[in-house]
Amino acid sequence: QQPVQSPQAVILREGEDAVINCSSSKALYSVHWYRQKHGEAPVFLMILLKGGEQKGHEKISASFNEKKQQSSLYLTASQLSYSGTYFCGISFQGAQKLVFGQGTRLTINP
Amino acid sequence: EAGVAQSPRYKIIEKRQSVAFWCNPISGHATLYWYQQILGQGPKLLIQFQNNGVVDDSQLPKDRFSAERLKGVDSTLKIQPAKLEDSAVYLCASRGVRGATEAFFGQGTRLTVV
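Chains as they are written, first to last, in the numbering used here: chain A, 1 to 110; chain B, 1001 to 1114.
These are calculated hints, taken from the structure and not from any lab test.
In this text, all values refer to a predicted model and were calculated from it rather than measured experimentally.
For every residue, glycine included, the Cβ atom is placed at its ideal position computed from N, Cα and C.
Hints are not guaranteed to be accurate.
To be verified - For the chain A half of the interface with chain B, some residues (derived, Cβ under 8 Å), not all of them:
id	residue
1	Phe-44
2	Leu-98
3	Gly-103
Please take these sequences and the hints and turn them into a complete structure.
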């Protein structure tokens, strides 16, 4: 049931864009995106629901494709503060169970 | 609003010893999760409580791990006896009512088994 994230790691220069994907083998109800910096707890970014398509604000947004059972996180014009490991967590219909992917490490260089 | 509290922050024990972690979730949150996060990996769900009942413990190594949530509030996770491979950060998270709500994480307990 664990979602699969890709890529495993990304290295960018400040100002570049990144896309992180999260795929499930089972029909999704919701997708949760978190960012974790080294030695800290995961911090919530956004949640997407079945039936919804895109969410977020100007620089960080996400989409949810029900048919493909996947979600993508978009980071636009990346800033140094975006560095960290991004995790997607997924829940299924009728369950509060929240299962996380293995993470995508994002490094932003000046 | 107070966040999820965990203690201790760090713990070093020898293999075969026992250890316990404590978690106080956000007030009113019915769902509580314990995750194990090994360095470089994603959080692995160990157990999920709904109030004081266990909803999912399929990934909990029950021969050595146990958890309880008395009165549907605080929770403790115990390991007895510990093995070297138990070295990890143990994260507690809580979540509100059913539906699309975010989970809030505590700072975690970093366990080192030597």
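**OP:** Identify every previously stated hint that the structure contradicts and give their numbers, smallest first.
**Re:** No hint contradicted; all consistent.
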